[in-house]
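Start from chain A and add chain B according to the hints.
Chain order of the listed sequences is A and B.
Our numbering applies: residue 1 is where the first sequence begins, and numbers increase by one.
Our numbering applies: residue 205 is where the second sequence begins, and numbers increase by one.
Simulated from the structure, these hints should not be mistaken for laboratory data.
Be careful, since some hints might not be right.
Unchecked claim - For the chain B half of the interface with chain A, some residues (derived, Cβ under 7 Å), not all of them:
| # | residue |
| --- | --- |
| 1 | HIS217 |
| 2 | SER292 |
| 3 | LYS300 |
| 4 | ALA354 |
Backbone N, C-alpha and C fix where the C-beta goes; we use that ideal spot for every residue, glycine too.
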Amino acid sequence: MEIKVLAFAGSPRRGGNSETLLDWVISAMEQEGGVAIEKVALTEANVNPCRGCNACEKLNKCVQRDGMDYLHDRIIDADCIILSAPIYCMGICAQAKALIDRFQVFRSRKYVLKLPIVPPERKGTRMGVFLSTAGQKWDHVFDGAVPSVKCFFHVVDIPDRDIRYLMVNGVDEKGAILSHPTAERDAGQLGRDVVGELRKRRGE
Amino acid sequence: MPVRVIGLSGSPHRHGNTERLLDAFLAGAEEGGGDVEKVVLKDLSYTPCRGCNACHKTGECIVRDDAIPLFDRILSSDCLAVASPIYSMGITAELKGLIDRAQFLWARKFILKTMYFSDDHVRRHKGIFISTAGLSWDNVFDAAFPAVTAFFNTLGFEYYDNIIANNMDQYGGIQGHPTALAEARKKGLSVVGVIRKLKGDS
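Only chain A is shown next, with the shape it has when bound in the complex (with noise of 0.2 Å):
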């Protein structure tokens, strides 16, 4: 069975740092075959923020009509979510945080109305990926998004172990990141490390 992998562009500068990374890990991961890759840019997504109603504590849905009722099915079939996002003003960019606050409907489902997001059987086969770039050099530069991102995969079944992170700071101006030493191949090993892994927990 093919691997599902939903991978979010949440720049909204096209083809900017953090989607070029992104880019090098699906390139990477189709090479490794039998994997689907279906990359959503959110600044064409159309997904609104959270409105903060609560009504998905009732519910079990959002009350909101956009982008999230096509992501909603995809997001749950998916074998591997990632996330790339720059880092704007010390967090991650609105466009990206607006997705994950989406992700309430999945919070409210999972920890108020206590149903399951994924059938048991899936349930710890899933992985999630962060990938990041800032264009500050500071080490502390990502501290303000991770949190975030652990809620946004924490709250749809993929626990902290099962997070894999490649942060790159340093890179500002479009296309810096082509020519920073490691970035094109650690994302590539990220790639192919998380296809692997993937295969080995559905014991192929």
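Chain B only, in chain A's frame:
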């Protein structure tokens, strides 16, 4: 000279815990004689930053929407209160959207060097972060601080204080919290006095 206080409500949910905490702060500021304005971000029309970096060359944002006049009002205020609930361990997408739009001011300050705040200016301009969270974890606000810090830095405000209350789920809302609303009011009253004194001194 009046002390101008602007409060940004970053919650999509009207009159919820965070906005009520902001209201208490602003009521205290008004009591202290401040000129108080509240802006509800969800009622404004602005888009998040596009990351085009055009402002790095011009110092202007190419997106003309409600964010631009709001930044003018913020920059003419003495006290900036930024309020957002914690969603998924961070500030709301609405507030992050506005913070990211301050990039053109960041560019003026750090790239073009056409905007400069003296230490004295920063000392006289106070930034306050107001937040609530449902979870009881002590670290629930930690991931919000860096973006708020960056926002105050860019805009020339000293990050003066936090008015934060966690464990809202347990308290059944801010009205169930033993001290938060009274503390917010007191801090509003006091910061106006502090700023007035600093303005008088300069």
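Open item on the list: Does the closest beta carbon of chain A sit nearer than 7 Å to the beta carbon of LYS300 of chain B?
Closed with: Holds: closest Cβ of chain A sits about 4 Å from LYS300 of chain B, inside 7 Å.
TODO: Could you check if HIS217 of chain B really has its C-beta closer than 7 Å to a C-beta on chain A?
DONE: 4 Å, holds
Open item on the list: Just to be careful: measuring from the Cβ of ALA354 of chain B to every Cβ in chain A, is the smallest value less than 7 Å?
Closed with: For ALA354 of chain B, the interface hint holds, since the closest Cβ of chain A sits about 4 Å away, which is under 7 Å.
Task: Hint status (Cβ of SER292 of chain B to nearest Cβ of chain A, threshold 7 Å) - done: 4 Å, holds
Violated hints are absent here; each numbered hint is respected by the structure.
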